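Peer 1: Spelled out, the chains give:
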Amino acid sequence: MSKKYWETLPQGSVVLEAGNSAKFKTGSWRSMRPKWIEENCIQCMFCWMYCPDMSVKVNAEGKREDFNFDYCKGCGICALECPGKKGNKAIVMEEEGK
Amino acid sequence: MTTKPLKLRELAKGEDRFAYGHRMCAGCGAPIVVKQVLMATDYPIIASNATGCLEVSSCIQEYTAWKIPWIHSAFENAAATISGVEAMYRSLVKQGKIDDKQVKFIAFGGDGGTYDIGFQSLSGAMERGHDMMYICYDNGAYMNTGIQRSSATPFGANTTTCPAGDVIPGKLQQRKDLTRIMAAHDIPYVAQASPGNWMDLMKKVQKAFEIKGPKFMNIIAPCNRGWRSRTDDAITLAKLAVNTCYWPLYEIENGVTKITVKPKEKKPLTEFLKPQGRFKHMFAPKNKWMLEQAQGYVDAQWERLQKEAAAGEAEKTPEE
Ligand SMILES: Cc1ncc(C[n+]2csc(CCOP(=O)(O)OP(=O)(O)O)c2C)c(N)n1
Ligand code: SF4
Ligand code: SF4
Ligand code: SF4
Ligand SMILES: [Mg+2]
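Top to bottom, those sequences are chains A and B. All residue numbers for the first sequence refer to my numbering, where the first residue is 1 and numbers rise by one. All residue numbers for the second sequence refer to my numbering, where the first residue is 1 and numbers rise by one.
Worth flagging that the hints you see were computed from the coordinates, not collected in a lab. These numbers were taken from a predicted model, which means no experiment stands behind them. The beta-carbon is built from N, C-alpha and C at its ideal position, and this holds for glycine as well. Be aware that one or more of the hints could be misleading.
What the hints assert, rightly or not - Derived, one-sided and incomplete: chain B residues facing chain A with beta-carbon distance under 8 Å:
no.: 1; residue: R23
no.: 2; residue: M24
no.: 3; residue: G27
no.: 4; residue: D42
no.: 5; residue: Y43
no.: 6; residue: P44
no.: 7; residue: C59
no.: 8; residue: Q61
no.: 9; residue: E62
no.: 10; residue: V93
no.: 11; residue: D233
no.: 12; residue: K286
no.: 13; residue: K288
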């Protein structure tokens, strides 16, 4: 990020680019990492609905794909809410960097 | 505009109007509330936001997580701000200067910014009858400045301005029932929701947007920092709040009360309190009276709500 001074900012500090928070990658905050176990996934989409950081990727067919680790903060909500298949979770939390 | 179907797989194909890269804590409930609200509808939305965790963490100098026009308000005037925008919009449409794109207007505020500091501006905007929705995300304290008590803080909770210790055992007052106060404004729609019941929440948002005039929704938003709980339990706690009847899901449409989701079995309040460190002291033997008092309050409120809902039912039946 280059340093900017007040003279170069838009008037009123208006932000002109919608959703440009995406330039800030919150994935570096993570100490725990969710792991997706595809064979246990029933595609219920609860993980997608409940993720506070929009970090569960979904493709054009509406099918779940892996996590977006650029932004996932590792909170573990998805893992806790995941019903999985026959009691086997499709998301487990692991220590980051292991 | 047709109301969009609430099917998870269909919804998941859509584009989020609240982006990643925001700086709310890991596991915060507030962004889940916001994404569900914005996802419920395809109408264009313009929002204002009172200062608080959501506001400061979603828009940090030069960066915004919002993909809708969004205005940072001061702490006390999110409702006044959006009511002004709504009035201007109506005027410009009437003058033929802009086309009516059926824009919807929302003010977001935390409980501090809604129950306390911004209450005058909220009450005024509702009384003036603006075509707008106010959404309070209630995490039960002034979290952004370090967990100070608000009038939404539940009885017994340990906060930095009502610390549980030798002098007082946490907050001594019951929380203010803002949802009922908003209903007393006789506005067309008032509701309570929880992100753990996403379908109910989104249905309420959809319904509200089809109603002209002022609307108010109070949505519980777990905060693991202030509630002293785990980073993964926001949805679990949001559901427990509903299933213990601490946070009943209901709506009041044109004065008629309806409970929208009835818990299959009303769980003891302790199931909601126990996982939260802010209530830890209440489980000490000498503070048993606190648990009893907290349960008694929830029971009485639930009893009253059920009576009001029964009256609402009775009122409806003759004409059907
Ligand atoms: C008039 C005024 N007083 C105090 C503050 C400092 N302040 C900023 S955010 C905040 C707490 C907000 O609490 P709440 O509305 O409950 O939102 P939360 O942070 O809990 O999400 C306070 C006290 C302020 N910005 N303006
Ligand atoms: S761990 Fe948290 S942030 Fe990461 S994908 Fe799961 S719910 Fe989202
Ligand atoms: S919650 Fe679990 S089962 Fe459901 S879609 Fe996500 S990973 Fe798959
Ligand atoms: S302090 Fe609480 S409300 Fe604020 S961002 Fe963190 S978890 Fe969310
Ligand atoms: Mg708050």
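Peer 1: Against each hint, give a clear statement of whether it holds in the structure.
Peer 2: Evaluated hints:
1. R23: 7 Å, holds
2. M24: Interface hint status for M24(B): holds (7 Å vs cutoff 8 Å).
3. G27: Hint holds; G27(B) Cβ to chain A Cβ min 3 Å, cut 8 Å.
4. D42: With a closest approach of 16 Å, the D42(B) hint is violated.
5. Y43: Not OK, violated: Y43(B) not within 8 Å of chain A, min 16 Å.
6. P44: 12 Å, violated
7. C59: 7 Å, holds
8. Q61: The hint holds - Q61(B) has a Cβ within 8 Å of chain A, the shortest such distance being about 7 Å.
9. E62: 6 Å, holds
10. V93: The hint is violated - V93(B) has no Cβ within 8 Å of chain A, the shortest such distance being about 23 Å.
11. D233: 7 Å, holds
12. K286: 33 Å, violated
13. K288: 30 Å, violated
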